[in-house]
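What follows is the residue order along each chain.
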Amino acid sequence: MTGYFEDYITVAVFAAFGALLVAVSVGASALLRPKNPSATKSQTYECGIDPVGGGWSQTHVRYYIFALLFLIFDVEAVFIFPWAIQLEALGMFALVEMIVFIVILLAGLVYAVRKGVLEWES
Amino acid sequence: MFDYHAIAPELILGVTLIAVVFIDLILSDRYKYLVGVTALVGLTAAAFPLLTLAVCGDLSTCADTGSRVLFGGSYVIDDFALVLKGLFIVVGVITLLLSVGYIESDDYYQGEFYFLVLASITGAVVMASSRDLITMFIGLELVSGPAFLLAGWRKGDTRSNEAALKFFLIGVLSAAILLFGMSLVYGLTGEVTFTGIAAASAALDLANEPAFVLAVVFVLVGFAFKISAVPFHFWAPDTYQGAPTPVAAYLSVGSKTAGFVGLLTLCYQAFGPVREIWGPILWILAVLSMTVGNLVALRQTNIVRLLGYSSIAHAGFILVPFAMAATYDSVGLEDAFFGTVTYILIYAFMNLGAFAAVIAISARVGSGEIDAWGGLGRYSPNLAALVTMFFFALAGIPPLAGWFAKFVMFRAVIGAFSSPWAIVLAAIAAVNAVIALVYYARVVKTVYMDPIPEHADADSPTVVAPSLKLALAITAVAVIVVGFFPQILAFFGDASRALASGM
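The listed protein sequences derive, respectively, from chains A and B. Sequential numbering from 1 applies to the first sequence in my numbering. Sequential numbering from 1001 applies to the second sequence in my numbering.
Pulled out of the complex, with its shape left as it was, chain B reads as follows (with noise of 0.2 Å):
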């Protein structure tokens, strides 16, 4: 009998993108938010067999315990595809929390929307069991393709069509030098499964071998577009600017943890054999991705570009651990795996939430430039508290979710080990946490103290979307919660450990 209740959260995905699509043919023009609900129904049934599946072990009725393999190692339900997984569905739910409202306003289609999006966590969701190349490549393409589609979403504005066309052609050439490198790896291997491919670079000595070096930095460099670090990144603040906010929320959260997922599960299982090959490239591009995107959002005027350019960083302090594991054995491996997942988790939270109050306050003030945003805190107090918080976590300041993330990834750099690298890393990553800073309280500064510029409108009173107001409401309990009891996530990140430890 095969293991249905392993893919249940795939089956029920996948049935609800079917709905989804003959749901939108019946409804009317006025009731389309209702295929926006289906959505949001589909994703939270979907998180049921996760959880189902994470408790197996206490279940009575459930036999297998412990990951589960399927089709012969290609697919693995462990703890860490269920955390990331779980992540996913989340992502998705805030995010359509956030559409509901805004592409409601706006006069385009909306049942496809709501579809896209889907289809897009459920390429997600795939890849995080994807144990061998072509799984995971039909996964990043499933994450990928709608997302083009979404970028450009509001067709009659020439900077939607820009956003979508700079990330089609990035995309498409990320996937060409990702799947060239896929095609050399396999060549030299005979392996797609992970476990294959390490075994086999254990066995054959592939680590000297210029032609398996090259098949690693192309599978990186595929990767790296796809978590826009520097110097592949040159899409992502056009692209998020250009699409509409939800999407550049999606894309700067969904996608790119879907990108983290790939390379984490590839570099720790597939290259694990060859730490040093992937190790040193990663400590480059955590390097420029902290620096670059760090002094260039200083300059940034547009609200949503500076939060293109904030997470471009983050992309960098995610890889931060990840750059050290290559020089570590068992026990520091497993930490500086711990220290990228939880950082994934709480960037989650953090940047989908900054983007909601971005939404809200874009739709008050009715400009995403920053100068006029100006004295928002004396006529929409709420609003201006909500966005300070969210920065200020982004920033990393205690008690806010943040510097949980900052704590482990600064303990796994220079915790376990002490090698002239590491510490000259975690100085970078420590002067780029105080740039930072700088423009996150700019924006705060803005805000508060800034006069309301001449032409704004500060009389009438401010209207939040309820769909928003929720998205804002989970994001600042998540936020403000998780900064106070950071073992709440930190469990989720614990859990995925495992996948670090066969090494």
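Excised from the complex, chain A in its bound form (with noise of 0.2 Å):
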């Protein structure tokens, strides 16, 4: 059992490395930066736009729907890059297989759209 707890001191060295490297790149870079605070430089940052609203904004509750049906299809991405990749090496029986895959996923597209959830006014 020994050997098992004596791999954790790597552990422990890497996070006390870890947390050294942090605290001495940011106290160097706080004691050799010049202070000129301003409006703009204490904003959000957004990806580079102006930020829109606060932080405490609400979002409308019908875009979980959009979320929930995003989620569905990023999932189905990440089923089809490995297959993909592997669709020579499987052959026409994978083919088929994701065909019925996505078919099936459709039929809840179709089912969503019937159903007008895409519609934003209602």
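The set of hints was computed from the structure by calculation and includes no laboratory data. Quantities reported herein were computed from a predicted structural model and do not represent experimental measurements. Any given hint might turn out to be false.
As the list claims (entries may be wrong) - Within a straight-line C-alpha distance of at most 27 Å, the following computed DSSO-like cross-link-like pairs (lysine-lysine) qualify:
(1) B:Lys-1155 x A:Lys-115
(2) A:Lys-115 x B:Lys-1032
(3) B:Lys-1032 x B:Lys-1155
(4) B:Lys-1445 x B:Lys-1469
(5) B:Lys-1166 x B:Lys-1155
(6) B:Lys-1469 x B:Lys-1032
Quick one: dock chain against chain with the hints and give me the complex.
Structure representation (structure tokens):
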């Protein structure tokens, strides 16, 4: 059992160095950099464009259905990538399997469209 | 060539699921009941491959006989799986028959309701065959996921919302505990298939490994929530009461049986070599479930809550032979397994029948409170007779089916084996059977002897939806015929014995 716990020393040393690295880099830059605050600099950074609204702004509840549909097809993509790489090796069987899978998902999309899920106004 | 015959029931159910969605899209509101009819046709069609699989040995076109092993041992179609799949399909048919009239009279979505019931049944059918942890978990989630939605079907009703939320939170909690246990099992044995786990736990002598004990306990607790065994039962009465009554019927039979199937296959196959871990736990669960379920049921005034506590007590009775299995040798072990499966089969018909009668009477009287049922025997004698029959069957009074379930239970506990624990357990079960009779008989007494309440509408004719009539007829015939000829269902229990013989 001691060998088992000795392995954790590596983890502990690694964690200590990680913490030290952050402390040194942030501490050094705080000591060296010029301090010149402005309103623009303290804005929330949101991929470059000006942020809209506050941090606690509300999102319309209808988005959750779009999120669900997105999730379904996102997972579909996760399955398709490894399938596409191995398709030549797996052959016809895999092609039919994936067609069945996509048709079942499309049935769900048709259902969603027919039930008016994708219409914003109701 | 892949053995498509073996998974034909699942394939038919899968195709029916998609067909149900599309038919729901085409139909106008007036014809929505046809969605339910489609689901019924699909379920019935799925039963045929079960029959051909069962008699495969006698067919000239069928090469393979015996149990079929698919996906590297993860999916096994043996007699146990076939019997339980058949039961789930019958439960699905009766649940749909209960729902058709009930959901139509409600002002909520109909098509989706049938879809979700069918999806849940499909999950249960998958569970009956699954012989590895991952397939079993997916099957279990497919049973529970649609059930969460079904419990909250009447979304304008706060009780229904409470039912769904409680069921969902407890269901997620139990899934998390179950998964944690499963991950520990996998971590310690390196196997996910049940046979692999059994071999590895015996080879590595894991019975004395604390982490493995913890893993088995977590898995048991996860399933104990599903079968609503005390002390993991809090959700059940509230959920049954708030959910639409046909859904409560399904939860107390279909979903609960799915939990038992998981527990049975896991304990007998995967945890077979470590019986000394799960035996005592199931003993305690059985005693607590019987006693608490029955004692609390005595105080109930709402009929659905009463059936909720009664189903908790029956979960205890089903666990009784199972609990003693840990101390048995191979013959007694098979008897215990036979006792559990037979009890489940009979309980399914009795309880579905009881719920069908409750639905019919609640619609007639307009209330689920037992007090409002006074004098029902005078203005609606047929319904009164039916509820009497099903409640006496649940109590275990001969010649109705329930007596045989109790008989095989007691025989499995004290017949093959005499240990003080077995005798104590049998004594507690016997006392509980008497307590149960009190509250079942109290309902019958109200129905026949109490005066008709003043505001009761005793003059209008009794109308029962045709589908509900059919459900009542099926369950009533089953309860009476099995009472006189118990070998009909015992045959299926007997067929499934082989699962326990491997140990």
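Distance restraint between B:Lys-1166 and B:Lys-1155, which requires alpha-carbon spacing of 27 Å or less: holds (14 Å)
message: For A:Lys-115 and B:Lys-1032, compute the direct alpha-carbon distance and say whether it is at most 27 Å.
response: Cα-Cα ~15 Å, so holds.
- request: Take the C-alpha atoms of B:Lys-1155 and A:Lys-115, compute the straight-line distance between them, and say whether it is at most 27 Å.
  value: Holds. B:Lys-1155 to A:Lys-115 sits at ~18 Å (cutoff 27 Å).
query: Quick one, are B:Lys-1032 and B:Lys-1155 close enough, alpha carbons at most 27 Å?
result: holds (19 Å)
field: Satisfaction of hint between B:Lys-1032 and B:Lys-1469, Cα-Cα up to 27 Å
entry: holds (20 Å)
message: Does B:Lys-1469 sit within 27 Å of B:Lys-1445, going by the straight-line distance between their CA atoms?
response: The given pair, whose Cα atoms are some 24 Å apart, holds under the 27 Å limit.
In the structure shown, no violation is registered for any of the earlier numbered hints.
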